[in-house]
Each structure stands twice: as structure tokens, then as C-alpha cells.
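J.: Each chain, letter by letter, is given below.
There are 2 protein chains.
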Amino acid sequence: MAKKIAPAALAAPKRFELLTLGDELLLGRTANAHLAFLGAQLARRGVQLAANVVLPDDAETIAAQLARSWARSAVVITTGGLGPTSDDCTREAVAEVLGRKLVFDREVEKAISARFATLGRKMTHNNLKQAWRPEGAEALPNPFGTAPGLWIEQDGKVLVMLPGPPNELEPMWANEVLPRLVRRKLVGRSESYVQLRTAGVGESALETRLQPLIAKYPGVDVAFCAHAWAVDVRFGWHRGKAGEAQARKLAGEAQALLGDEVFAVGDDSLAEAVADLLRQDDKTLAVAESGSGGLLASVFTDLPGASKFFQGGVVCYRNSGKVIMLDIPEALLSQHGAISAETAVAMATGVCENFVADYGLSLTCCAGPGACCGDKAAGTVFVGLHSPDGGWCKRLEYPGTAAAVRARAINAALDWLRRELLRAHRAKPVAAPVKPVKAAKGRKRK
Amino acid sequence: MAKKIAPAALAAPKRFELLTLGDELLLGRTANAHLAFLGAQLARRGVQLAANVVLPDDAETIAAQLARSWARSAVVITTGGLGPTSDDCTREAVAEVLGRKLVFDREVEKAISARFATLGRKMTHNNLKQAWRPEGAEALPNPFGTAPGLWIEQDGKVLVMLPGPPNELEPMWANEVLPRLVRRKLVGRSESYVQLRTAGVGESALETRLQPLIAKYPGVDVAFCAHAWAVDVRFGWHRGKAGEAQARKLAGEAQALLGDEVFAVGDDSLAEAVADLLRQDDKTLAVAESGSGGLLASVFTDLPGASKFFQGGVVCYRNSGKVIMLDIPEALLSQHGAISAETAVAMATGVCENFVADYGLSLTCCAGPGACCGDKAAGTVFVGLHSPDGGWCKRLEYPGTAAAVRARAINAALDWLRRELLRAHRAKPVAAPVKPVKAAKGRKRK
Chain A
1 MAKKIAPAAL AAPKRFELLT LGDELLLGRT ANAHLAFLGA QLARRGVQLA
51 ANVVLPDDAE TIAAQLARSW ARSAVVITTG GLGPTSDDCT REAVAEVLGR
101 KLVFDREVEK AISARFATLG RKMTHNNLKQ AWRPEGAEAL PNPFGTAPGL
151 WIEQDGKVLV MLPGPPNELE PMWANEVLPR LVRRKLVGRS ESYVQLRTAG
201 VGESALETRL QPLIAKYPGV DVAFCAHAWA VDVRFGWHRG KAGEAQARKL
251 AGEAQALLGD EVFAVGDDSL AEAVADLLRQ DDKTLAVAES GSGGLLASVF
301 TDLPGASKFF QGGVVCYRNS GKVIMLDIPE ALLSQHGAIS AETAVAMATG
351 VCENFVADYG LSLTCCAGPG ACCGDKAAGT VFVGLHSPDG GWCKRLEYPG
401 TAAAVRARAI NAALDWLRRE LLRAHRAKPV AAPVKPVKAA KGRKRK
Chain B
1 MAKKIAPAAL AAPKRFELLT LGDELLLGRT ANAHLAFLGA QLARRGVQLA
51 ANVVLPDDAE TIAAQLARSW ARSAVVITTG GLGPTSDDCT REAVAEVLGR
101 KLVFDREVEK AISARFATLG RKMTHNNLKQ AWRPEGAEAL PNPFGTAPGL
151 WIEQDGKVLV MLPGPPNELE PMWANEVLPR LVRRKLVGRS ESYVQLRTAG
201 VGESALETRL QPLIAKYPGV DVAFCAHAWA VDVRFGWHRG KAGEAQARKL
251 AGEAQALLGD EVFAVGDDSL AEAVADLLRQ DDKTLAVAES GSGGLLASVF
301 TDLPGASKFF QGGVVCYRNS GKVIMLDIPE ALLSQHGAIS AETAVAMATG
351 VCENFVADYG LSLTCCAGPG ACCGDKAAGT VFVGLHSPDG GWCKRLEYPG
401 TAAAVRARAI NAALDWLRRE LLRAHRAKPV AAPVKPVKAA KGRKRK
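The listed protein sequences derive, respectively, from chains A and B. 1 is the number of the first residue of the first sequence in this note's numbering; add one for each residue after it. 1 is the number of the first residue of the second sequence in this note's numbering; add one for each residue after it.
These are computed hints drawn from the structure, not numbers from a lab. Watch out, some of these pointers could steer you wrong.
[To be verified] Quick list of in silico lysine-lysine cross-link-like pairs, DSSO-like style, CA-CA up to 30 Å:
hint : chain 1 : residue 1 : chain 2 : residue 2
1    : B       : K394      : A       : K308
2    : A       : K428      : A       : K308
3    : B       : K283      : A       : K129
4    : A       : K394      : B       : K122
5    : A       : K376      : B       : K122
6    : A       : K376      : B       : K308
7    : A       : K216      : B       : K129
8    : B       : K122      : A       : K216
9    : A       : K122      : B       : K129
10   : A       : K283      : B       : K376
11   : B       : K376      : A       : K308
12   : A       : K376      : B       : K283
13   : B       : K376      : A       : K122
[Claimed, not checked] These stretches of chain A come out as covered by chain B in the derived footprint (C-beta under 8 Å, 3 or more residues):
hint : stretch
14   : 321 to 330
15   : 394 to 402
The model shown is predicted, which means the values in this text are computed figures rather than measured ones. Note that the Cβ used here is the ideal one computed from N, Cα and C, for glycine as well.
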């Protein structure tokens with residue numbers, strides 16, 4: 001049996017389970033985005049999911065697992081299996097386990113018809129399957145799709161059924177489900193841990209450095225999580241014996257000990273840390289990349305207000321693109337190769353000057369087999385940085401798959417820029433008498 | 001209990017379960033990439049995972065679930081929980097359930113020390129935790145990390161323990177685990193379904209169109225899976241009563257009925273379909289994007305040999321970037337706005353001409369709240385296409401989150417280019433007497 005969860009913020013700690021339904025998940029055709037989303041949403045409110053079970057679209061299997069999960073949990077959330085096609089069968093399984101019959105909901109039928117009318121699309125007969133619900137279930141409106149969610153309370157427990165598409169599930173969670181869970185005191189209102197995010201230190205080395213501090217606070221629940229080039233440390237009070245004050249004290253001491261290795265307290269990404277530093281000093285950034293093909297630019301995509309500091313980027317797979325778009329001399333490319341320190345610096349400088357930015361960051365790497373790398377080994381990465389103080393390059397070597405190399409290279413590049421921005425910020429005079437007029441930079445034209 | 005799986009290709013159908021361990025998964029901090037990877041790997045070999053259970057790093061919980069999964073399955077695969085930090089405890093749980101003691105493996109210790117020496121990093125004491133294994137377990141070498149995998153056979157069943165980091169797990173699966181499973185006839189050697197991937201038709205409409213055909217072959221296992229702007233249909237013979245011949249016949253008839261809606265037979269992505277068409281006619285592509293910030297360019301990143309047809313891309317968040325890098329007149333931007341048909345066409349034309357490509361594809365969209373969209377509503381997307389025959393634009397409206405809007409916009413853009421490439425290919429004379437010399441295009445310079 002699972003360990004009991006005891007979040008200090010909640011009156012009555014409860015066991016939550018998530019059942020994620022869909023052959024496409026077990027066949028590896030769709031990533032289980034619901035676990036990532038719902039797990040994070042619940043964690044912020046002091047609840048750690050006790051388990052997530054992924055099951056096929058098979059009524060018998062779903063019913064068996066639901067019966068088991070329902071018996072041992074206070075809240076069971078299901079996702080998927082509510083669609084119109086014939087392989088979706090969750091409603092039937094739920095009705096069977098809860099001993100309720102399925103009824104046809106005229107209101108839901110109307111909402112489905114209205115949605116098709118709005119979109120100007122023809123409703124096919126199988127769409128009406130989505131208007132059936134277990135008797136007594138509350139339909140949760142779905143403004144972004146045809147399948148409504150369902151909320152069922154029985155025996156002091158809650159069953160929440162959510163539609164599969166993330167763009168339908170996520171707003172329904174925020175607008176319908178979370179407020180109901182808060183009202184019933186099943187989730188808290190505040191965060192239940194402090195998280196330090198670090199970059200540039202390995203997981204083992206980090207634990208070793210923190211061990212003396214952790215030993216001072218034995219009741220705090222400490223967990224490490226390594227990503228590419230970054231390790232998070234969470235100091236929690238929902239499972240450990242110590243309370244919030246102890247966890248916060250330990251987190252504060254750990255932060256002081258680690259210094260600049262910590263790039264965020266909370267959930268901010270490396271890109272957000274970089275963005276904050278750029279905004280703070282009113283600086284702008286442009287990026288150039290080859291083998292990472294748009295991934296470096298895309299880390300800024302989801303940041304609100306990115307257009308304030310992010311000028312843009314250039315993806316140049318071929319040398320011709322580097323010459324045309326980044327003004328890199330052909331002689332430099334033929335002498336040093338596309339994957340070289342010289343090219344990385346020229347890319348950073350070129351994109352910085354052409355986009356009229358303050359900082360230019362570049363990545364040129366041989367991510368892995370199949371890439372065209374000349375004499376460089378797979379996993380070789382050059383990061384170029386052009387700043388108001390000059391241009392530099394770093395050479396890095398990473399093992400692993402092409403995707404792993406790219407992810408690490410991007411984080412290493414962001415972390416380098418972050419540390420450079422911190423250094424520049426600290427080097428600034430505290431009270432600059434007159435802000436110097438920024439020298440006008442133009443695009444180099446040959 | 002789960003329905004029995006009976007893949008025709010396998011001598012003895014067996015039940016596989018995947019246990020994915022890690023608080024970080026349940027807390028939504030890391031996506032469950034292992035389910036996607038291992039599910040797809042097994043599906044190709046005729047095995048559908050019966051279940052995936054995600055559990056916290058808690059020895060008691062892991063042991064309880066492992067005992068249940070072990071009792072009902074022929075193969076249990078665990079991922080994660082083998083790392084050096086103190087919250088990893090899978091070895092202990094496995095030893096308990098299988099009734100074996102943990103032994104210290106000198107060979108593994110040597111391999112860990114050697115790896116640290118190669119990387120020039122200092123080994124900390126907790127790394128040696130990874131050298132413990134249940135007695136009788138075979139250590140699977142890990143060239144990309146310190147934690148070896150483990151292979152255990154007992155009572156005619158198999159337990160496979162894999163490390164958490166995907167760049168360690170994936171090569172270990174391919175090089176160590178899959179060959180052992182094939183030798184023991186636990187997985188097949190051939191695919192066990194035919195998949196048609198379609199774009200531009202909704203899931204319900206697709207099922208309605210295919211229904212008369214599906215009714216002709218009642219024994220074939222047909223499953224639909226909707227992604228953003230794309231729906232896959234799988235015709236399988238590992239669960240249905242009909243054999244491979246029937247499934248393939250139905251798939252062939254469905255493909256003929258759907259025509260150009262089908263962009264791939266198999267697993268190819270829309271980007272791969274576009275890449276194949278470009279390579280087939282020896283054409284090149286460049287892309288320009290604003291709100292999708294590098295995501296359109298990045299769909300080509302993972303394709304081997306992308307440099308053959310992908311010239312590159314420009315990400316321009318701000319109008320200044322569009323003017324400088326894409327030669328869009330400032331007057332056009334101020335008159336029509338950044339999110340407009342006119343700008344989309346100018347972006348496609350500008351990037352096509354500047355990168356000296358045959359086709360230019362552009363996306364300018366107001367993905368969602370927080371973006372800077374002028375008078376356009378969130379979800380408004382303009383796709384621009386510049387081809388040798390001229391430039392066009394499409395306006396699209398999508399509901400949902402910013403990420404959903406971007407994903408659909410990218411697929412819609414790729415699908416439009418695909419259909420245009422198909423049209424151009426068919427319009428070509430079957431036997432061109434002399435291949436015309438391509439007109440030299442230069443970069444417009446103001």
C-alpha cells in the first residue's frame with residue numbers, strides 16, 4: 001500500500017489516483033501529457049498523486065482497475081475515453097462500477113449541436129454518444145470540444161472524468177474541477193514545497209555538497225530531480241516530519257551555500273531566468289543555430305512578453321544560409337568548418353548585429369548519427385556568445401542520443417548567458433550618473 | 001483483469017507491464033517519455049502493453065505494486081529508481097519481492113569508476129550504491145551512464161530494470177533488452193498493424209467515411225487516434241479475430257478511398273512526408289515564423305539529412321526583425337499589421353528569396369493570451385506559402401491553449417505545403433525532355 005500523504009496545508013489528507021485511458025498511450029503514440037499537467041497542478045496544492053495507471057480502451061479492464069482505485073482512494077480522476085469513436089468506453093465502465101445506469105442528457109445534446117453549428121461543421125451520428133452520462137453525474141461544460149467532463153460524488157468520494165485532448169482538459173481543470181476540489185478542502189490553496197533549480201552541477205555532486213545541511217534538518221523531505229544539465233532540489237513539508245518553517249530554513253541555507261548555481265527558486269525555467277535578467281537591464285537577445293534547428297529559439301516561445309527582449313533567431317542548416325543570413329565569410333567556414341569555435345562566434349556576432357540585439361547566442365553542434373559533422377565526433381557542441389564586452393566560445397562534449405545532446409547544449413548555452421548577464425549586472429555602477437546613449441548599430445551589408 | 005493479447009506473430013502471447021518509478025513523474029515535473037518509447041517499441045513487435053503504472057520513489061509502494069504486477073504478467077519492465085541519490089530504492093523493493101538478497105558487484109563498481117575516470121569527474125561515495133544488485137541478476141552494461149540495467153529470470157518470467165535517463169535507457173533497450181526478448185520469443189520481429197496517417201479530416205468524419213468499409217471486415221481491430229489537425233487509423237491483427245491478410249486488405253481499400261487525405265502509411269510524420277516530396281523533386285524549403293518561435297523550423301530538426309532540402313529559417317518576434325531579415329517593407333507592416341495575410345505572404349516570399357529556396361512557408365499567429373496580436377483574436381493564424389507558381393495565404397482559427405494553437409497551425413501549414421508539392425509533382429510532364437536550368441536567384445538587397 002502507498003505511504004499516507006499528509007500535507008500540512010490540508011485539513012484532511014486524501015489519496016488521489018489518476019487513470020489515464022487510451023490505447024494510443026500504451027502504444028507510445030501520444031505522450032501522457034495529462035500526468036505531467038495534473039501531477040504538477042496537484043503538487044502545487046499539497047497533493048502528490050499516489051499513482052497513475054495507464055490502461056487500454058477496454059471496458060472490462062477499465063472497470064476492474066476503477067473498482068480497485070475507487071476502493072482505496074478518496075479522489076479518482078480519469079482522462080480520455082469520452083470521445084465519439086467506437087473504441088471509447090469509459091462511461092460504460094464507470095456506470096457499471098458505481099452501480100448507476102446511463103442516461104441521455106438533453107442539455108449536453110444541445111451543447112454538442114450548438115458547437116457544431118458555431119464551427120459550421122456537420123454533426124455525425126456518433127457524436128451523440130457523448131451525451132450519455134451515469135445517472136446523477138454533473139456534466140462539466142467543455143467550451144473547446146464536444147465531450148463534456150463529468151463530476152460524480154458517491155460514498156464521500158469524488159470521481160472526475162475529463163476529456164482526452166489537452167486543450168479541452170486543461171481549461172476544464174482550471175475552471176471547473178480545481179474550484180470544486182478547493183471548496184471541498186480536497187486540495188490546498190498554497191504551494192507545499194520550496195524548490196531550488198540549479199544548473200552546471202551533477203546530481204551526485206549536488207547531494208554531496210548539500211549533505212551536511214540536510215543532516216541538520218532530518219525531518220525535511222528532500223528530493224532531487226536531474227534534467228539535462230540542470231538538477232532541481234525540492235524541500236517539502238507534505239511528507240516529511242518537519243514543518244514548513246524547517247523546510248524553508250533549510251532551503252534558504254542551501255540557496256546561500258550554492259550561490260549562482262541556483263538559477264530559480266520555484267518553477268521558472270532557465271529561459272525564464274535569462275529573460276528576467278535581460279528585462280532587468282533592458283537588454284535584448286538574438287540567437288543563431290544549426291543542428292539544434294529552432295529549438296533554442298523556441299525556448300522563448302512560451303514566455304509571455306518575449307517580444308520585449310527576444311529579437312528573434314536564425315536557423316541555418318547549410319553554409320549558404322550562414323553566409324547569406326549571418327554575414328559569415330565563406331573563407332571562415334571553409335577553413336574552420338561549420339562546427340567550430342570560429343563559426344560559433346561568427347554566428348553569435350552575426351545574428352546579434354543583424355537583429356540589432358545586445359547579446360547574441362549561438363549553437364552549432366553535431367547532435368548525432370546522420371548529421372553532417374565533418375571531422376567532429378557526435379556530441380560535439382560549440383556555444384558562441386556575443387556580448388557588449390566581446391565574443392567567446394565554449395566547446396562541450398555530451399554523450400547520448402541526438403535529442404539528449406540538443407537538450408543539454410541548449411541548457412548549457414542558456415546557463416552560460418545567465419552567468420554572463422549576472423556578471424554584467426553586478427559590474428554595473430550602482431547609481432549610474434547618466435545613462436549613456438546606446439551606440440546605433442546597423443546591419444552589416446556587403 | 002485485462003483482455004488477453006494474442007498477436008498472430010508470436011508463438012506464445014504474453015502479458016507485459018511497465019512500472020515507471022519516480023516522484024518527479026507524479027509531481028508532473030518530467031514527462032513520462034519511457035511509456036511513449038517502450039510502448040511504441042513493443043507495439044511494433046506485436047505486443048501492446050497491458051498497463052503502465054507510475055509510482056513514487058517509495059520502497060513499500062514499489063514492492064506492493066511489483067508483487068501484483070509480477071503475479072499477473074510474464075514480463076515486467078521497471079524504469080528509474082536506480083540512481084545514486086537517497087530517494088532511489090528500486091533495487092531493495094525488487095530483492096524483497098523476488099526473495100533474493102542484494103550483493104555488491106565488483107565488475108559494476110569497476111565500470112562506474114572507469115566511467116568517472118573517462119569523464120574526468122570525481123566519483124562521490126553515493127555512486128557506489130549503483131553497484132548493488134539482487135543476487136543472480138544479470139547486469140546490463142550502460143555506456144551512457146553509471147547505473148547498469150538488470151535482467152532477472154525467475155519462475156519462467158522476466159523482470160527488466162532500466163535506468164531513468166532516456167539517453168541511457170534507449171540504447172540499453174535496443175542493444176541489450178530487445179535482442180534477449182526476441183531470442184526468448186517474447187516479442188515478434190515484424191510489425192503487427194498497418195497505420196494510415198491522415199490530415200485535414202476530423203476524427204468523427206473520418207470514422208463515418210470509413211464505416212462502410214470497416215463493416216465489410218468485422219474481425220479487423222480498427223483504432224483511431226486524433227492529434228492536432230491529424231488523425232491516425234490503425235488496422236491491427238493482434239487483437240481482432242481477422243488475420244493479417246484481412247487487415248491489410250481493409251487498409252488498402254481505406255487508403256484508396258481517402259486518397260490525398262492520407263499523408264503516410266506507417267509512422268512517418270507530416271514533416272517527413274513533406275521532406276520526401278521535396279527530395280523527390282529536388283526542391284528546397286525555408287521557413288519564417290513569429291508566434292510559433294522556432295517550432296516550425298524544429299520539426300525538421302530530427303529528420304536525417306534535413307540539410308539536403310531544408311535551407312533554414314528565421315524567427316522574427318518583432319517587426320524590426322521582419323524588416324531586417326526578411327526584407328518586408330515597414331509600410332506593409334504598419335498598414336496591415338504583423339498578423340495579417342499580407343505579412344504572412346511577405347514573410348514566405350522574403351525567407352524563400354533570402355535563403356534561395358524553392359518554397360517558402362510562413363506562420364504568423366496570435367497563439368494566445370499574453371501574445372501581442374493587435375486587433376486579432378487569440379487563435380488566429382495566417383499561413384503563407386511561396387512556391388515557384390506564386391504566393392498565397394490561408395487564414396485559420398483554432399480554439400484552445402497557445403500550445404494547441406501552435407501545434408495545429410504547424411500541422412496545417414505542413415499539410416498545405418504537402419498538398420501543393422503533390423499537385424506540382426503531378427503537373428510535371430512525365431518525361432521532361434531536357435531538365436531546364438534553374439534560374440539563378442539572388443538575395444534582394446535594398
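J.: Give a verdict on every hint.
T.: Outcome of the hint check:
For the proposed pair K394 of chain B and K308 of chain A, the alpha carbon gap of about 28 Å is at most 30 Å, so the pair holds. Proximity of K428 of chain A to K308 of chain A is assessed by CA-CA distance (about 22 Å); at most 30 Å being required, the pair is judged to hold. Taken as a hint, the K283 of chain B and K129 of chain A pair is broken in the structure, with Cα atoms around 46 Å apart against an allowance of 30 Å. Taken as a hint, the K394 of chain A and K122 of chain B pair is honoured in the structure, with Cα atoms around 22 Å apart against an allowance of 30 Å.
Between K376 of chain A and K122 of chain B, the direct Cα distance comes to roughly 26 Å. Compliance with the 30 Å bound is thereby established for this hinted pair. About 19 Å separates the Cα atoms of K376 of chain A and K308 of chain B, which keeps this hinted pair within 30 Å; it holds. With a C-alpha separation of about 23 Å, the suggested pair K216 of chain A and K129 of chain B falls inside the 30 Å cut-off, and the hint holds. Taken as a hint, the K122 of chain B and K216 of chain A pair is honoured in the structure, with Cα atoms around 25 Å apart against an allowance of 30 Å.
Restraint check for K122 of chain A and K129 of chain B: not satisfied, since their Cα atoms lie roughly 61 Å apart, outside the 30 Å limit. Taking the CA atoms of K283 of chain A and K376 of chain B, the gap is near 28 Å; set against the 30 Å cutoff, the hint holds. Restraint check: the Cα-Cα separation between K376 of chain B and K308 of chain A comes to about 19 Å, which is no more than 30 Å; the hinted pair holds. Simply put, K376 of chain A and K283 of chain B have alpha-carbon atoms about 28 Å apart, close enough for the 30 Å limit, and the pair holds.
Among the hinted pairs, K376 of chain B with K122 of chain A is consistent with the structure: their alpha-carbon atoms are about 27 Å apart, no more than 30 Å. Judged by the Cβ-Cβ criterion of 8 Å, the stretch 321 to 330 of chain A is covered by chain B as claimed, because 3 of its residues qualify and three suffice. Check on the stretch 394 to 402 of chain A: 4 of its residues sit with their Cβ under 8 Å from a Cβ of chain B, so the three-residue criterion for coverage holds.
Taken one by one, the earlier hints fail for this structure at numbers 3 and 9, listed in ascending order.
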